[in-house]
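**Student:** Chains as they are written, first to last, in the numbering used here: chain A, 21 to 303; chain B, 790 to 1078.
Don't read these hints as lab results, they were simulated from the structure. Worth double-checking, as some hints may not be accurate.
[Said to hold, decoys possible] Some but not every residue of chain A turned toward chain B, in silico, with C-beta under 7 angstroms:
#1 V30
#2 L32
#3 P35
#4 V82
#5 V119
#6 A271
#7 M277
#8 P279
#9 F282
All residues carry an ideal CB built from backbone N, CA and C; glycine is no exception.
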Amino acid sequence: MLPTVAILLVFLTYPLGLGVWLGFTDTKIGSIGEWVGLDNYRYLIGDSLTREVLFNTLFYTVTASILKFVLGLWLALLLNENLPLKSFFRAIVLLPWIVPTALSALAFWWIYDAQFSIVSWLLIRMGVIHSYIPFLGTPWLARISTVIANVWRGIPFVAISLLAGLQTISPTLYEAAAIDGVSSWQRFRYITLPLLTPIIAVVMTFSVLFTFTDFQLIYVLTRGGPLNATHLMATLSFQRAIPGGELGEGAAIATMMVPFLFACVMFSYFGLQRRGWQQGGDQ
Amino acid sequence: MSKAQESVGMDYLQSLPRRWVTVYAPLGIFVFVLLFPFYWMAITAFKPDAQLAMHTGNPFWVVGPTLVHFKRLLLDTPYKGWLINTVLISVASTFVSIIASVLAAYAIERLRFRGAKQAGLAVFLAYLIPPSILFIPLAAIVFKLGLFDTRWALILTYPTFLIPFCTWLLMGYFRSIPYELEECALIDGATRWQILVRIILPLAVPGLISAGIFAFTLSWNEFIYALTFISSSEVKTVPVGMVTELIEGDVYHWGELMAGALLGSLPVAVVYSFFVEYYVSGMTGAVKE
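Start from the sequences, fold in the hints, and give me the full structure.
**Tutor:** Structure below.
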């Protein structure tokens, strides 16, 4: 059984190493590349499109993660109340997360449609606006629309994971606090939040990681348009590598994501360690 | 669990109207927003074309529902083939991953070799590497092996993200099985293999089920590998086929698109609804570790 572990590790690390190596070559589909050193990176850093894509990716990740966290935590707190049909609610809330993203993105595409959007229809009926909104037509609207779709998909994961954390908090703490006469905000701020921090760190690391490298949603909704306003690192890397045939350049873009991911993982790892130490843990 | 008993605790402090405002109303809005796209998907799938293009009338309901979109989807497009492919690929890669993960997880947890801890950490880190970084090198490997544009390309690459996750999940389960059971078996002269098959696996059935469901839904939902490694229509999976082939020209067939999205989501939703508890425990277990 030991060999299984070894084989696995080799198979999993080999593509990663190959990816980094490809980033230093000018490999194209169907031809073996030559070593070109840092040329790919030099070109990419000098390219204004790459910088715009980096901005898009950061904007997308930061706004979507913050919204997912706030709304997800709120939903978790709501589900933690003493509700009738609790497990039923928990089950249906998770649906957006388990359905294939590409397919739910199609549904969003239909909801955002320039001519038949149900949202525009409703707003016109209510007299708020007078013409249909081109949700995916202008740069900022498209950015916001994709963030909303991503948040919709991500909330269940955050909420259900945090709910599991909430359920481990002993109710006696809240009772003690109630006797001391604290307000519900203080109860949240001084009991719930500190005890939940470790699990928040893990959940948000996952969430940030998968938002940063998101591909499907953008590919289905906008393919990076309009005017590259919603292009993310992952979609740009795909576009250069597969339809464009420039495997080397695509691999370089993908490799550029690694430091960000690494920083993100380290951040949560050390954050967790500090907390463990504060709470008297010895690991 | 006596949770129901405990959590009644302080509810009497809140009056009913207050609970409506702080709990039920926001929860209702959340559920509505989270489910609306599915409702909209379903209602569109059953609407006749004429009603889809109308700007008048009530768009939230359907007058005279029709199955014509489903019929056209299944008979005039390669959708049926995609569905079969997706099932084949998901089931095969799930089996491969579960077998590999059981062996790997058991080895890491119970064969006390040097570096077991590091190997466990490496598995976790491997799970954190997202497919959108790996698809280019994997495409190069798939080309070299001559697997491009075959189902095998997907069956063999999906385990690269399924195995780390399943291994991580199963490691948690194996850790919860007491050592004493194995020691007894060792005294009785059982081999490592017998211990694994006769003692550990039966005890880890819930873990195996959660890992299996996870692997199945993850491979059903996979998009970027299927998009990159497959080019001919006969071997495409549902998500990729829908996005690359049903969207053509300027006139979108919304009815068919939504019908396809609904049918493609149904299998995972059904599998999920049977095993919700396993799914949730697997997900939260994996995060908690």
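**Student:** If a hint holds in the structure, say so; if it doesn't, say that too.
**Tutor:** Consistency of the hints with the structure:
no.: 1; hint: V30; result: violated, 11 angstroms
no.: 2; hint: L32; result: holds, 5 angstroms
no.: 3; hint: P35; result: holds, 4 angstroms
no.: 4; hint: V82; result: violated, 18 angstroms
no.: 5; hint: V119; result: holds, 4 angstroms
no.: 6; hint: A271; result: holds, 5 angstroms
no.: 7; hint: M277; result: holds, 6 angstroms
no.: 8; hint: P279; result: violated, 12 angstroms
no.: 9; hint: F282; result: violated, 10 angstroms
In this structure, the hints that do not hold are numbers 1, 4, 8 and 9, in rising order.
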